[in-house]
Amino acid sequence: MCLAVPAQIVEILDNGRARAVTGEVSHEVDATCVLPESGDSQELVGEWVLVHVGFAMNLIDEQEARSTLALLDEMIAFNPDEESAPLPSGGSTILEPS
Amino acid sequence: MNDPAGSARPVGADAIRFVDDFRDRELSLALVDRIRPAAQRIAAERGLERVAVMEVCGGHTHTLFRFGIHQALRDVIEFVHGPGCPVCVLPRDVIAQCVSWAQREDMIVATFGDAIRVPGHGLTLQQARAAGANVQVVYSPLEALETARENPDKNVVFLALGFDTTMPSTALTLLTAKEQGVTNFSLYAVHIGIIPTLQAVLAEGAQYLQGLIGPGHVSMVIGSQPYEFVARDYGLPFVISGFEPLDLLQSLNMILAQLERGEAKVENQYARTVTSSGNAAALAAINRVFRPEPRSFWQGLGGQTDIGYVLSDEFAEHDAEKRFGIDIATDPLSVAEQPPECDQVIMGRLSPPDCPHFNKGCTQDHPLGALMVSNEGACAAWYHAGAMATT
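Going down the list, the protein sequences come from chains P and B. When we follow the numbering used here, the leftmost residue of the first sequence carries the number 1, and every step to the right adds one. When we follow the numbering used here, the leftmost residue of the second sequence carries the number 1001, and every step to the right adds one.
If you're looking for bench data, these hints aren't it; they were derived computationally from the structure. A few of these clues could be false.
Said to hold, decoys possible - Taking CB as the label site, the calculated pair distances span: (1) B:A1316 / P:E74: 53 to 63 Å; (2) P:N15 / B:R1349: 39 to 49 Å; (3) B:R1023 / P:N15: 34 to 44 Å; (4) B:G1113 / P:E37: 34 to 44 Å; (5) P:N15 / B:A1280: 17 to 27 Å; (6) B:P1037 / P:E74: 14 to 24 Å; (7) P:Q42 / B:P1353: 51 to 61 Å.
Beta carbons are placed, not taken as given, at the ideal position from N, Cα and C, and that holds for glycine.
Only chain B is shown next, with the shape it has when bound in the complex (with noise of 0.2 Å):
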């Protein structure tokens, strides 16, 4: 195989294909033009001031700011922003539980960075880290594992969180540290399945609203089969999208063309990966690894509790909760922390821009919750909306 930097033209050049096609503007406009006035239309028919869409991802949030479609179709439709931010709902006894492994001589606790900056009842562990508390900051669960086996005097513990889209790689990378015997590398996990999360939200709001776009990486790992029960139950048109703006836009127009014909069914826009039965080999990992275990709390998810995994048995020597123990008091006031407001935000009961604290007492400097902390939380993409707005 050649090197493919040694080309005149990298063999992986055309990967941008699968971006810049999917952004293309003329076809963007086409389709808002086509949008506008199905939504009025919708909208009129059922007595409602606008459709409201809720998108379960926080990734397509960002996108939907980024690119404009939010600014430019909100007056008619409603863009409800969904749970779909792990770092948002994270249990704060689980960064404060880091924060403590991190401060002792013998531990390494590595993470996302999407995680170092959340609050637990006292430091971050970005702030632990600057205290000199041992924190690494990893793209993949790969590179702690790397750092176990630099590190034999040390336990590293890598704090694994994420919605199913990350579940297979702690769990493969789990499998390959028993396999490898690398017996100092542990997991924390705090894990959270979409399902459940959003059988939370439906529960609490379905009746405001109209339909939802879906999402499109958790969906390559479990298929479009899983969420049956939102058109059965709910009656709700569900679309599983892409990422790129015109993904999002035809999403909508398929949402509505489905309102439109009076039907609810789960639809696959993103079918260039996502099929109906999910990625095998990595539901196979996450099987073996974990199991469904209800966790003490999630912040935001109405007491919803059974949406967390723990470690399966077999791995019970690399569980840092049973190898470590947790040591600090879990605090139940810990849901005082931070405003009652985010909660409703997280399900998506409240804009962010009708937050009392919105860009008062709460900005991305002085954050007061996650949702304002994290790269995807819906308050820090309206944050970095507003903020490009004027300037």
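Chain P on its own, in the form it takes in the complex (with noise of 0.2 Å):
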């Protein structure tokens, strides 16, 4: 029930609404939840958004997942063979919510 879809917002159309791409499937969502506060809904085109029941429910934010893959590679990288070490901490410290 509660799936949900990268795609990316490629052009604004009427009415709150974007057409956004999911590989090579294009539709129209309902842009709403993710409208930038400034109003210019311009902004959205290029962003990454999550879509479930055909509408844009949040933006991906990319960096954010650079971070969460550097971070497991850098866990991996750190300790590859040792099975007694304690576990990182897991970046609690980067990934924790602002």
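Put the two chains together into one complex, using the hints given.
Quick look at the structure:
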């Protein structure tokens, strides 16, 4: 039920709607929940969103996505073999909500 | 703006990046190698057989099985499947009422595909449709609104169900209907809040858990703050997680790291889309359209009733319950229509393969309860995993 799919907004349409693309599939979404505070919906073009039942529910923060992956890489590189080593913190300082 | 479909490389092709990068096999295996000894250490220190972690969301349950995480770690981590399948806790009266409405000439009932195979007191919506009732399966509530526009001589009822993730979409659809004067569109709103649901589950069984994996997409709406009570009142680590295998493995790792440090706090692994305060526009739409109101009965949630919502009075003319009335006899025995074990599974107290009905009287072809029917049901997850293992 809570499935959401990443898509990139490519065009702003009328009435708070936008065209979003996932893979090769282009579809219309309701963008009400991701409209920028500035009110200029054109700022959304190029942004990544998570689409749930036809609604762009939230922006995807690309920088945060990279941070998460980088952290995983670091963690694995940090101590690849020693089974008894304590786990690193899991990066809570980086990943904690701002 | 160029038409993406006409360009050599579709603009959205990179969207897959947010999926594929979080499915990296080597990294996943390395994480499993980290998690296993840590879980063993923690279990040994606490005198446990395994570390018990509840994944609250049914979507997480299916990722754990589909990508083999459950199979790889089940000897050191007990995955306790949570209540996060809204179809599985839906009162049967709701389905029975929708069947009754859909059988009227002048009404159409629209809902998500997940809901149409769930038994009511007799027919499912799917069976009712086969017998001629007006049932429409939609991907989005906006399609139901479109149906109302196209059928001005019929009353269209959208059966609005789901957790906080889905509430903004139905709220915004209703606001559009009101604004545009689509008077033949109504909501039968049986949404359910994740926070009271979690409270019900933890009040019953927190002592059996060492940590929880929090639902990612509910949290993009409500934020991470509402879960603070889990750490504060129950002393359990709670990590909000994304839906790809690396997300779940990292979340497990973060839970184990907290346990090793003797901490209990809310952490956010899914920071690429979840913030502490959630989505303001989505929450505003929810608060405008819905208000919390006890519902008579939710399957399996230990008699907890104060977890549902009704439409605010402002929207009475779009409220299907008020407009068309509840015309089925509410059956107090409806609890008994599915085996009592279903309730224990929903509360995380019984693992599906330990249920006496699992894969015996209860199968995908002949389900006894919604947990075996729904795509997100814990029993369906186990059933599919078993089918894969034997073919």
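Whether the CB-CB distance between R1023 of chain B and N15 of chain P falls inside 34 to 44 Å:
holds (36 Å)
Starting from the range 17 to 27 Å, see whether the pair N15 of chain P and A1280 of chain B falls in it by beta-carbon distance.
Between N15 of chain P and A1280 of chain B, where Cβ atoms are some 20 Å apart, the hint holds.
Are G1113 of chain B and E37 of chain P spaced within 34 to 44 Å by their CB atoms?
holds (35 Å)
Would you say the C-beta atoms of N15 of chain P and R1349 of chain B sit inside 39 to 49 Å of each other?
Holds - the Cβ-Cβ distance for N15 of chain P and R1349 of chain B, about 48 Å, lies within 39 to 49 Å.
Does the Cβ distance between P1037 of chain B and E74 of chain P fall inside 14 to 24 Å?
About 19 Å separates the Cβ atoms of P1037 of chain B and E74 of chain P, which means 14 to 24 Å holds.
Satisfaction of the hinted span 51 to 61 Å by the C-beta atoms belonging to Q42 of chain P and P1353 of chain B
holds (53 Å)
Has the hinted range 53 to 63 Å been met by the Cβ atoms of A1316 of chain B and E74 of chain P?
Hint holds: Cβ distance 56 Å, inside 53 to 63 Å.
The earlier numbered hints are all upheld by this structure, with none contradicted.
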